[in-house]
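Q: What follows is each chain in one-letter form.
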Amino acid sequence: MKTPRLKVNIERRLATFNLSVQIEVGAEILVLFGPSGAGKTQTLNAIAGLVTPDAGEITLDGAIFFRASREARADQTFNLPARKRRVGYVFQQYALFPHLTALENVSYALWRQPHAQERAESLLERMRLAELSNRYPHELSGGQQQRVAIARALAMEPRVLLMDEPFSALDSEIRRQLHQDLLKLQAEAELIVIYVTHNLEDAFTVGHRLAVVRNGRIERIGEPRDLYPHPTNSPMMEALPRRGSLGLADVRSDRRAIEGNSLS
Amino acid sequence: MNWSALMLSLQVTIVATVALFVIGLLLGVLLARYRLRGQIIIETIIFLPLVLPPSVIGYFLLVTLGRGSPIVEWFHVRLLFTWQSAAIASAVVGLPLMVQSARAAIANVDQVLENAARTLGSSELEILWRVTLPLARRGVIAGLILGGARALGEFGATLMVAGNIPGQTQTLPLAIYDAVQARRYEQARMMVIVMTAVAFVGLWCVRQLEQPAHRRKVDLL
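Chains Z and W are the protein sequences, given in the same order. Residue numbers for the first sequence follow my numbering, so the first one is 1 and each next one is one higher. Residue numbers for the second sequence follow my numbering, so the first one is 265 and each next one is one higher.
Chain Z extracted, bound-state conformation:
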């Protein structure tokens, strides 16, 4: 592991479980892997400043994003607003501004800055989107939209890039391409990347390190080869969807649908 720069140690009470996450990330891609509802997105949101943990500490290179002890009163809590954290965030459903073109989306954060247009254009070029810069999000394919979203998150030159299931809606060919792009980007800019996924293939393709998240806790953390699913490696196995039972349920509901139709 590279020298840790982003340190996260947070607790947050949620409806179904208590989130309690401790991670240290350097200039690398850390994959948070686990079933949906395990607290992965909550962790990202806390780092970005979109939700406030109940207690703990988040620091980047020693600079405090958040700090509160469990007994602290509200006025003793330090909480840097999201807009001041300069953390890039790529959302699951792209979250591009539908009323702005690709170029305007990318230059959104550069508002009032000199050479915003040129910088946004060069970012789009790097993501191989130069010809599409005047298109609106609904005129772009899923993969193109996601590349715009990455360019937009990188526009303000963040040190940390958070990605929430970034490529889950895309087909595997495009996904492989985007994984390549991401690995290159991360190495070039020495970015701290936290990549959330419930997809095993994604996790093993892009992760320098993997953390298995379940019920709001990190169950295991390590390099991919140490965590490869194996019968003796229970946390990883349990985090996987149970294919057998899922498949059977699908067949049953399909059959019910067919029978229902034939009756009517």
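Derived from the structure by calculation, the hints contain no laboratory data. Treat the hints with caution; some may be incorrect.
As the list claims (entries may be wrong) - To give a feel for the contact side, a few chain W residues facing chain Z, derived at Cβ under 10 Å:
1) 374
2) 380
3) 384
4) 401
To be verified - Just a sample of chain Z residues kept apart from chain W, beta carbon distances all over 12 Å, derived:
5) 37
6) 67
7) 77
Every residue, glycine too, gets a C-beta built ideally from N, C-alpha and C.
Let chain Z serve as the given structure and place chain W on it in line with the hints.
A: Coordinates of chain W only, in the frame set by chain Z:
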């Protein structure tokens, strides 16, 4: 045609609509995005003018704007029987329509987009201006037209707080009433046509704004 009444109505409506935009938008954002203490009470009060008789609204406004009320004492202004009080009465009756439409439109804007703007360094005001409002613009404009049209048609409360002084506080609806009372039907008819045309165009615009982009075409006429 009673031109002074028409001009006065325009003046009153424009001022009322500007007030509707600022106050209605603020309330729309607050009600759509924040959980307020006493939210239901606030909403109920805002929506009261929709169901109260105009005379009751007029009565409340008389108390609020009349002699001895805090507003008059603090600012040393005389509001009763001025065109400004007609504008206030018009804004009050238009407000529920504006708030309802603006709130629904703002609540419809995906909060993930606002969160994205937050991570991109935007302040809350900047998000409102650059993300929420542009995306909610159809509903906000529709609310503004509805509220403005309602303000233009205000009669009862205006009569009570602004009176019916020709050339000073006599708006179109009041002038129509006067003309009919005096059996000047020709004059009344012109003003009725103007009012109806404005209302029709306004509502037509609102329907256009509320149409989804893709719809099935059925010819009714």
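Q: None of the hints should be skipped; say for each whether it holds.
A: Now the hints, each set against the structure:
1. Nearest Cβ of chain Z to the Cβ of residue 374 of chain W: about 8 Å, under the 10 Å cut. The hint holds.
2. Taken as an interface hint, residue 380 of chain W checks out: its beta carbon lies about 4 Å from the nearest beta carbon of chain Z, inside 10 Å.
3. A hinted interface residue such as residue 384 of chain W counts as satisfied when its beta carbon comes closer than 10 Å to some beta carbon of chain Z; here the least separation is about 4 Å, so the hint holds.
4. For residue 401 of chain W, the interface hint holds, the least distance from its beta-carbon to any beta-carbon of chain Z being 9 Å, beneath 10 Å.
5. Remark: the non-interface label on residue 37 of chain Z is consistent with the geometry, its nearest Cβ contact in chain W lying 18 Å away (cut-off 12 Å).
6. No beta-carbon of chain W comes within 12 Å of the beta-carbon of residue 67 of chain Z; the shortest separation is about 20 Å.
7. Even its closest Cβ contact with chain W, about 18 Å, leaves residue 77 of chain Z beyond 12 Å, as expected for a residue assigned away from the interface.
The structure fails none of the hints (numbered hints given earlier).
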